[in-house]
Amino acid sequence: MAGNGSAPRFPLPSEITDAPGAEGWRSMYPYFTRFQPEDDQRFWFYNSMHFPEPMPAFDTITAEVPYSAIGANTARVFVFPTTLGIEHRIVNGRVYITAIPVTDPEEIGRRAEIFNERAGYYFENWDTLYQGWKTRIKGLIDEISSVTVPELPEIDDARVVTESLGVAQNHYVRENFHRCIDLFSKMWHHHTEFLMLGYGAYVVFFQFCKQAFPEISDQAVARMVAGIDVIMYRPDDELRNLARVAVKAGVDDLFTEGCSPPEVLAALADRGEGGRQWLAAFEQAREPWFNVSTGDGFYHHHRSWSDDLTVPFTALPRYVAQVRDGLLADRPTEALRTERDRIAAEYRDLLGTEEEQAAFDQMLGLCRVVFPYVEDHKFYCEHWFTTQFFNKIREFGALLARFGVLDEAEDVFQLHHTEVDQALSDVMLAWAAGGPPLGAAHFRPIVAERKRILAALRDWSPPPALGPVPEALNDPAVHMLWGVTQQTIEAWLRPDEGEIRGCGASSGIVEGPARVLTDVNQIGEIRDGEILVCPVTAPSWAPVFGKIKAAVSDIGGSMSHAAIVAREYGMPAVVGTGDATKRIRTGQRVRVDGDRGIVQVIG
Amino acid sequence: MTEPAGTRFVRGLAEVGAADRAWAGGKAAALGELARAGIPVPRGCVVTVAAFGLVMEAVDPSGAIRGAIGGLPPDDLPALARAAADLRARITAAPLPPGVAAEITAAYTELGVAAVAVRSSATMEDSAEASFAGLQDTYLAVRGDDDVLGRVRSCWASLFNDESVAYRRRQGIGEGGLAMGVVVQRMVSPRAAGVMFTRSPVTGDRSVVAIEGTWGLGSALVAGEVTPDSFTVSKVTGEITGRRISAKLRAHSFMPNGDGITAQPMPTALRRSPCLTDDEARALSLVGQRVEEHYGVPQDIEWALLGDTPGCPALHSDTADRIVLLQSRPETVWAARDRSPVATPKPRAGDHVLARFRRPL
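From first to last, the protein sequence lines stand for chains L and D. Take the first sequence: its position 586, counting from 1, is numbered 586 in our numbering, and each next residue is one higher. Take the second sequence: its position 161, counting from 1, is numbered 764 in our numbering, and each next residue is one higher.
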């Protein structure tokens, strides 16, 4: 990409120029997210998996808080021997990250002793601890859901006097806003509690398989480990059930391709008993299973199914048609389980010695112990909790709009959480004093300018990586989750114009028209038989996988969501291509080779 | 096992099994064993070593010629070559013993095709010394009684090829106990052919089948005239985990009414086309796995995929019906290697992870 003929490298952070028209982007983000001159010495990669779009100011909390939690977990709590935490920087609205390795052998040894004790305790007691985790995380979801946003009426509630509460409502504006931020932080600490240990167990099994079977595919390893009763499949199961109810209740005619959710719901309300039946089933499925984010839970506009019914209503017509034709099948869980166990048993049989078989049993056994957490935590954390969290922030936005500080509630996401804090203080003071808040003049122009900057930032093409090529990548998450390996870096350095290369995540070869989605809100545009090309897929897209022939993503490894779902649906997938969404246009005919990890534009 | 009674000099391949090496030779024994295991091989017969024995009785009744060769110094290659050439000339000139010619031509007629492959089947071939294999001759697309009989004689004579004789002298193997059967088999006209190993020849991985193939007869690949396509198929999941398509500039084939094998340039459009579809590669892999299962050890296999013209799409839809094997023998390279275990059990499962995180990933 860049370089002066000597060591290959990516553009240096200091060489990145401001995206045209977006020169003011720095004002949107806190100082601690800026690249420093000495950052030129290190390797950074664009975390397009979690942050495929430019960051609105508020949404940077989904980088700040997770990296604060995950680094604390690896560096300070479990004391991973060879890695500290992950640093992040924002340039032109994009989040770049790097892991800080530990290289001094003495320090590694000292850390390893503590790590053995602490990580050993978690591995030994995993199931019990995970049950406790579920209770705690559900507690946090209850808490965030029950946070109230004060209405600040002209006259405060009588109870402040009659129950001698003594504290006026405006106090709770800040306290409850802080409560939201604090709960979000706590949720992320719990999110990371088991995460790296879980991935660690997988890495160890993965590397064992690669050594014992040098030619085994990543996906074959993944298939031995994958859970069957994974919570993230549940929303899709619920949709299938709603399709059955629709046919049974005789309201299936309302579910047609391209139908509008509000119109369908209104029509159902007028359809007597059948309509009532369906709506009752719908409400039952909705809580909690529609608390699944349309995205990955890292942006405020990744609404839950419950908030934005586009995804479920895009999938329903197809399911309804399948029910009518007698073709709608449940997930074949028994067959999937049998197949998973067959694959594991056959690889086990191929091992040379009983010793290796015993080690295989231990490692695979551990993976299956840790995987319910690895696979299910996202539903609780990124989906259920996070969509509730953003909705609460939206309510604070509504309060600010009501007091004229913002034009509309949604504008709150153009402010950093510390700026929201200031705006709320302004409102608290104004309510108390009886005068107008001063924020209208201050924040409204800022919001307008930031919306303009964000739009300009969308046109910027972020390089996949920055800085020198690293000698080694030590971080398990970087490898397993982002799919960033030495090979990925090589590919980033030498882009091949003809072919788009990535990780072959699900086998098979198909051709078809591409549907490039750069924004999750376009998900409703997908049509039968298309090949989905996207920055990254979200678990809640699973129902839509029924319509597509293959999936291609910019980012992701063999355990990323697109890979797992594509294998389940038995369709080819190539993930971690780096820039497929930039090199393919909607409507172009593409050939996806999930075995070799190659995508070709053929017309 | 002793040779069955009845017809003396020719047996159907189906009557031969792995235990019959002593009277049928190694190649015939292996092909017969495959057929018995239900693996498709081209129909054929074997001219038993009894026929060879009669010829040698006539050519070298006291064994003196062979004794003399056995007494030559291993490094005197010119002398070895002279003696071997003399013996070969005697074998090919000797009249066929009564009954042998008649039985061979009858069996040839019974095969019902004009073109046959005439293949050496030495009693020592394919034994543990893998390097010994391949030193004897094979003749493809042989047609007509006279040519078939001539090639049978050539196969007998090829037991005394210069390289074979020199090899035996170096190894200190005597000339006395050697014998040669000859396989006469229907010539197949494959769309594609090649070899496969039921473990990776590169890494020794036993979970995959490695297939190499080219358009037309496998002889183009064996002779090193083309760079073959290669496919790696997972035995467990059926995934194609590796696929390298090469420019296959020419193909070997034989003309139904022509003479012998011709090498024809491949049309440009087909050179870089895969000679196998994924389904065909998977079907081949399954056949390879059946053979490995039958023998209990990884195999080194020659295969052909029937279909009339190199590069033409399949005529029949069922791939499995079009696969034939031409040879299978135990893989020897990796079998001979010792490997230390990849991992051993630890007191607690979590210890594997703890140990792993002590060093960079």
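The set of hints was computed from the structure by calculation and includes no laboratory data. Mixed in with the good hints there might be a few duds.
Calculated lysine to aspartate or glutamate pairs in the EDC-like style (CA-CA distance at most 20 Å, straight line) [to be verified]:
1. D/K949 to L/E117
2. L/K547 to L/E257
3. L/K186 to L/D421
4. L/K451 to L/E490
5. L/K547 to L/D579
6. L/K248 to L/D229
7. L/K134 to L/E117
8. D/K949 to L/E354
9. D/K949 to L/E525
10. D/K949 to L/E355
11. L/K210 to L/E354
12. D/K949 to L/E408
13. L/K549 to D/D881
14. L/K549 to D/D882
15. D/K949 to L/D361
16. L/K451 to L/E113
No experiment lies behind these values; they were computed from the predicted model shown.
Legend entry - Numbered hints the structure breaks, given as an ascending list: Hints 4, 5, 6, 7, 9, 12, 16 contradicted; others consistent.
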